[in-house]
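Given the coordinates of chain D, work out where chains X and W should sit on it, guided by the hints.
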Amino acid sequence: MAKYILKRVGLALLTLFLIVFILFVLVRIMPGNPFPSERMSAEQIANKRAEMGLDDPILVQFGRYFMNLLHGDFGKGTSLYYGAPINTVLSTCISNSFRIGGIAILEGTAVGLLLGITAALNKGRFLDGFCTVFSILGVCVPGYVFLIFLQYFFAYRIPFFPYFFDPNRFVFSAILPSLSLSLFTMSTVARFTRNEMVEVMDSDYVHLAESKGMTGSLLVRKHILRNALIPIVTVLGPLIVDLLTGALVVEKIYGINGIGKLMVDAIAGEGVDYNYVLALGILYSALYIGIMLVVDILYGIIDPRIRVSASGEGEA
Amino acid sequence: MADTTYVPVPGDFELLTDRDITVDKNFASQSYWKGVATHFFHNRRAVVGLVLVLVIVILAILGPMLSPYAYDQIIRAADNEQVVAKGIAPPGTSEGSFAGMTFLFGTDDLGRDLWTRTWQGARVSLIIAFVTIFIDMIIGMSYGLISGYFGGMVDNVMQRIVEVANSVPRLVIVSVLAIFMPKGMGLVIVALLLTEWIGMSKIARAEMLKMKEQEYVLASRTLGAKSLHIIFKQILPNTIGPIITQMMFSIPTAIFTEAFLSFVGVGIMLPQCSIGSLISTGFNNITTLPYQILSPIAVLALQMLGFNFIGDGFREALAPKLEDM
Amino acid sequence: MEMKNERTILQINDLDISFKTNAGVIHAIRGVNIDLQKGETVAIVGESGSGKSVTMKAAVGLLDANATVNSGEILYRYVDDAGKETIVDLLKMPKKQLRNTINGSHIAMVFQDPMTSLDPTMTIGKQIMEGILLHKKVDKQAAAARALELLELVGITHAEARMKNYPHQLSGGMRQRVVIAIALASDPDILICDEPTTALDVTIQARILELIKEIQARLKLSVIYITHDLGVVAKVADYVNVMYAGKIIEVGNVNEIFYEPKHPYTWGLLAAMPDLETDDDRLMSIPGSPPNLLHEPKGDAFAARNPFALAIDEKVAPPMFKVSETHYAATWLLHPDAPKVEMPQELQARIARALKDVEEYL
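Protein chains in written order, with my numbering: chain D, 1 to 316; chain X, 317 to 641; chain W, 642 to 1003.
If we strip away everything but chain D, and leave its shape as in the complex, we get (with noise of 0.2 Å):
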């Protein structure tokens, strides 16, 4: 087990190191401006990019980023936040979107573990046929149009919620941006669920279990929740993947200075902030291979057939 984990470390690791160079080599090898603002004279931007060592070899330079990274410097923006150092802005950033996408994962596992589960153990009956269309809206309506709704009704018809985020009330104004981000998880984890049980309770293990005379919630907790759930934990991390891209536009809509706003302004404004854009990718990607390395580790612990080597093949 050691050595499997040690080995998706290893390559985890390796990738992002892999792609840390590619997006630094194509964010510096870009045409263009670094500097778009037009009051820079031609001597000023020359002063700027000698100052920032921008004119040596470019692997000179990507040594020196890197080496600036692995101490947890991503360095200064060129246009935004008029140049202020990159992990000052972040640190706030981070803090707000890691809590409110925190709360929002675990509102939609949670809802949609049960509304799954609670649909496959009725199946065919009302409550199916309601987390079925529960979930088709889910994946059909995204979450920000989700959130324009409910910031449109209960914080400006009925001004009962902050109609913009507001730190100092963070929790009361974390539930309509949790919320709508969770939506989608919410659904597809319902959906993936109620699928996962159905089948496993038409395996034939469970109707070994059931000729056994295993019945009711007996049945359920040991053999099939057990198994429908280990293959829903691979779903979990492209989906709070999608939640980050979705984060974007709801810290947009409601005024969240998170990292999706941040990478909005870094790409969308009128200039594009190179160094914002490599630091936000290099954020991203990190948490993207650290979510689905934990999610890898997670998976060889929970199923025995990954935690379990085999050994012993005996004879019939």
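Think of the hints as simulated: they come from the structure by calculation, not from any bench.
Check before you lean on any hint, since a few could be wrong.
The calculated DSS-like cross-link candidates involving lysine-lysine, where the alpha carbons are at most 27 Å apart (straight line), are [said to hold, decoys possible]:
| no. | chain 1 | residue 1 | chain 2 | residue 2 |
| --- | --- | --- | --- | --- |
| 1 | W | LYS876 | W | LYS854 |
| 2 | W | LYS645 | W | LYS778 |
| 3 | W | LYS767 | W | LYS781 |
| 4 | W | LYS781 | D | LYS222 |
| 5 | W | LYS733 | W | LYS661 |
| 6 | W | LYS997 | W | LYS876 |
| 7 | X | LYS350 | D | LYS76 |
| 8 | W | LYS725 | W | LYS679 |
| 9 | W | LYS939 | W | LYS876 |
| 10 | W | LYS805 | W | LYS781 |
| 11 | W | LYS876 | W | LYS679 |
| 12 | W | LYS876 | W | LYS963 |
| 13 | D | LYS123 | W | LYS737 |
| 14 | D | LYS222 | W | LYS737 |
| 15 | W | LYS767 | D | LYS222 |
| 16 | W | LYS777 | W | LYS725 |
| 17 | D | LYS123 | W | LYS733 |
| 18 | W | LYS767 | W | LYS645 |
| 19 | W | LYS963 | W | LYS981 |
| 20 | W | LYS661 | W | LYS767 |
| 21 | W | LYS805 | D | LYS222 |
| 22 | D | LYS222 | W | LYS778 |
| 23 | W | LYS854 | W | LYS997 |
| 24 | W | LYS781 | W | LYS737 |
| 25 | W | LYS767 | W | LYS733 |
| 26 | W | LYS661 | X | LYS350 |
| 27 | W | LYS767 | W | LYS861 |
| 28 | D | LYS3 | W | LYS737 |
| 29 | X | LYS518 | D | LYS7 |
| 30 | W | LYS777 | W | LYS767 |
| 31 | W | LYS725 | W | LYS778 |
| 32 | D | LYS222 | W | LYS777 |
| 33 | D | LYS123 | W | LYS661 |
| 34 | D | LYS123 | W | LYS736 |
| 35 | W | LYS778 | W | LYS736 |
| 36 | W | LYS679 | W | LYS861 |
| 37 | X | LYS518 | X | LYS528 |
| 38 | W | LYS963 | W | LYS679 |
| 39 | D | LYS222 | W | LYS736 |
| 40 | W | LYS777 | W | LYS679 |
Chains X and W in isolation, oriented as in the chain D frame:
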């Protein structure tokens, strides 16, 4: 149950001679694709999805054509007043019409007809979706089939590339693209091209691996058929089913991504319009003209619903669960 | 509720089951009668789709949700916890009660594919103990000891170590032994084996059959085999039910079925069985395929594939004609007015050969 009341008539106990029992009539007339089609059309949801998609596609084609206004035309009344912000109301009432003109979906904040704009937007979204998914299918299938077919070193290298490509979130790809591409439809299409082929290639590779060892491929190999010939003549037809299913699920992803990018402001630019940009402007005016966001959202949701239903129906039709007896 | 005689332990009367599917209603079981006597072995033989599995699934309450039992009863005689002999109709028993009182403790089942019938997330020791803990009033230690005993009984070596193994760590043959151990865990009277050897290698098949036979003798079990393999039937069965399109078309003891078959379908099955003497090119097969039970067959369901079909076969389904006390067959060929039809030459030759072998052996 034997019918005990039946009284045999003369001739009943003669052997039947003039028939050919070697012909199997049970399964003779059922081709594979015919079976798939029967299954698909027996699935109520799949049919609903198909109808929805067809209606939207037809309206996206005909809607803007049938409208007396252009999608970017600011409609003015006789006295040159802009026909701004006419809500959704029955024709003939003062809210729903202006100087004899009626607007089914109302007009937007600048006085453009929302009916025309919505279908124009749907058209743009659908074009983006179909074009990218079609190209992605070709790229993904070629990649996956080649990787799976040659195996060994080739497969190894190609799969490592997929792994790295798969580890970059779509968001990051879009943001890097945004640095060196002008914002607009091109950016959306390239972003989708770079991400959606991976799923297709995985399916194609898996199918190829499954099929590679089957006898008919081995047979034609020993008969001297060339590698590429084998791939495209024999294996392609067998992979088409799962690939179409994947396409049906990729189209909603493409539509979603377009809406998302246009909303964020790196997609379709004004005065062009797409579903995403319409939702974006709708959102900007939501407190003053709340109806403006309704039509693009409805079309988006119905499109998603339709394609998801078709995808589900197709998947079920390709692998129907037989009752074990 | 009455049973035919004192020794009958399971009696299926006029069972009729249909399935609702997207394509329509499939009438899968069309009036099936099967008797099982205490301590004996009955085989149900038929092609896939003939309804043999469905019949036995009905007996253990494992029918799919889309199945409807239209009529019939499955009577079971057992000694209940209070020590009283009881006869119950398994079809009328609520599922919960069936699981608590019958499944496992009285009727147990061995499934076809040992690769899929064990829970992949649970050690085999736990899976065997589960049944014991459910039905016997014993603690965990006693259950573990019993499980160990069972593993040894089914011939698994290093049983102690195997208890902690997961199914994926065992070979197919070993897994089927574990499935048998699970079935035996709470001392059932009836063992239903649904194609227990189909998914296994040929060499292992024989050993598993031997094992079941040995255990049957030792524990005085009654066994029902569901199979399409006449080779298996010849090795294990006392009585044979041949099933076709949801009906039993011929029933008899094993000698009657193998040496004096009366139904053309049984002839076909026997002639299609490979043996050492017959050349490959003289091996016969039954033309066509079983009927689609979405459409109720008119007359005899086998008529379309029957080289000896009579005109009446296309009008009325034949009743069961009595051949001997134990032997019945549903074919109009047994009607007194029917032309005299002999079984195919090839089959006659084979049976003669087999009989000669038996005589020599004796």
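Hints versus structure:
1. W:LYS876 <-> W:LYS854: 9 Å, holds
2. W:LYS645 <-> W:LYS778: Roughly 34 Å separates the two Cα atoms, so the pair is violated.
3. W:LYS767 <-> W:LYS781: Holds, because 10 Å separates the two Cα atoms, which is no more than 27 Å.
4. W:LYS781 <-> D:LYS222: 16 Å, holds
5. W:LYS733 <-> W:LYS661: Answer holds: LYS733 (chain W) to LYS661 (chain W) is near 20 Å, not above 27 Å.
6. W:LYS997 <-> W:LYS876: 18 Å, holds
7. X:LYS350 <-> D:LYS76: 62 Å, violated
8. W:LYS725 <-> W:LYS679: Roughly 17 Å between the alpha carbons, so the hint for LYS725 (chain W) and LYS679 (chain W) holds.
9. W:LYS939 <-> W:LYS876: The hint is violated at about 36 Å.
10. W:LYS805 <-> W:LYS781: Roughly 15 Å separates the two Cα atoms, so the pair holds.
11. W:LYS876 <-> W:LYS679: 19 Å, holds
12. W:LYS876 <-> W:LYS963: 25 Å, holds
13. D:LYS123 <-> W:LYS737: 18 Å, holds
14. D:LYS222 <-> W:LYS737: 17 Å, holds
15. W:LYS767 <-> D:LYS222: Holds, because 11 Å separates the two Cα atoms, which is no more than 27 Å.
16. W:LYS777 <-> W:LYS725: 18 Å, holds
17. D:LYS123 <-> W:LYS733: Distance of about 23 Å is within 27 Å: holds.
18. W:LYS767 <-> W:LYS645: Distance ~40 Å between LYS767 (chain W) and LYS645 (chain W) Cα, so the pair is violated.
19. W:LYS963 <-> W:LYS981: 16 Å, holds
20. W:LYS661 <-> W:LYS767: 37 Å, violated
21. W:LYS805 <-> D:LYS222: It holds: about 17 Å lies between the C-alpha atoms, which stays within 27 Å.
22. D:LYS222 <-> W:LYS778: 20 Å, holds
23. W:LYS854 <-> W:LYS997: Within the cut-off at roughly 26 Å; holds.
24. W:LYS781 <-> W:LYS737: 24 Å, holds
25. W:LYS767 <-> W:LYS733: This hinted pair is violated, its Cα atoms lying about 32 Å apart.
26. W:LYS661 <-> X:LYS350: 22 Å, holds
27. W:LYS767 <-> W:LYS861: Roughly 26 Å between the alpha carbons, so the hint for LYS767 (chain W) and LYS861 (chain W) holds.
28. D:LYS3 <-> W:LYS737: 46 Å, violated
29. X:LYS518 <-> D:LYS7: Measuring from Cα to Cα gives roughly 23 Å; hence the hint holds.
30. W:LYS777 <-> W:LYS767: Status holds; Cα separation ~15 Å.
31. W:LYS725 <-> W:LYS778: 19 Å, holds
32. D:LYS222 <-> W:LYS777: Within the cut-off at roughly 19 Å; holds.
33. D:LYS123 <-> W:LYS661: 16 Å, holds
34. D:LYS123 <-> W:LYS736: At roughly 17 Å apart (the allowed maximum being 27 Å), LYS736 (chain W) and LYS123 (chain D) satisfy the hint.
35. W:LYS778 <-> W:LYS736: Answer holds: LYS778 (chain W) to LYS736 (chain W) is near 22 Å, not above 27 Å.
36. W:LYS679 <-> W:LYS861: 8 Å, holds
37. X:LYS518 <-> X:LYS528: 15 Å, holds
38. W:LYS963 <-> W:LYS679: Holds. LYS963 (chain W) to LYS679 (chain W) sits at ~23 Å (cutoff 27 Å).
39. D:LYS222 <-> W:LYS736: Within the cut-off at roughly 19 Å; holds.
40. W:LYS777 <-> W:LYS679: 23 Å, holds
Of the hints listed earlier, those the structure fails to meet are numbers 2, 7, 9, 18, 20, 25 and 28, in rising order.
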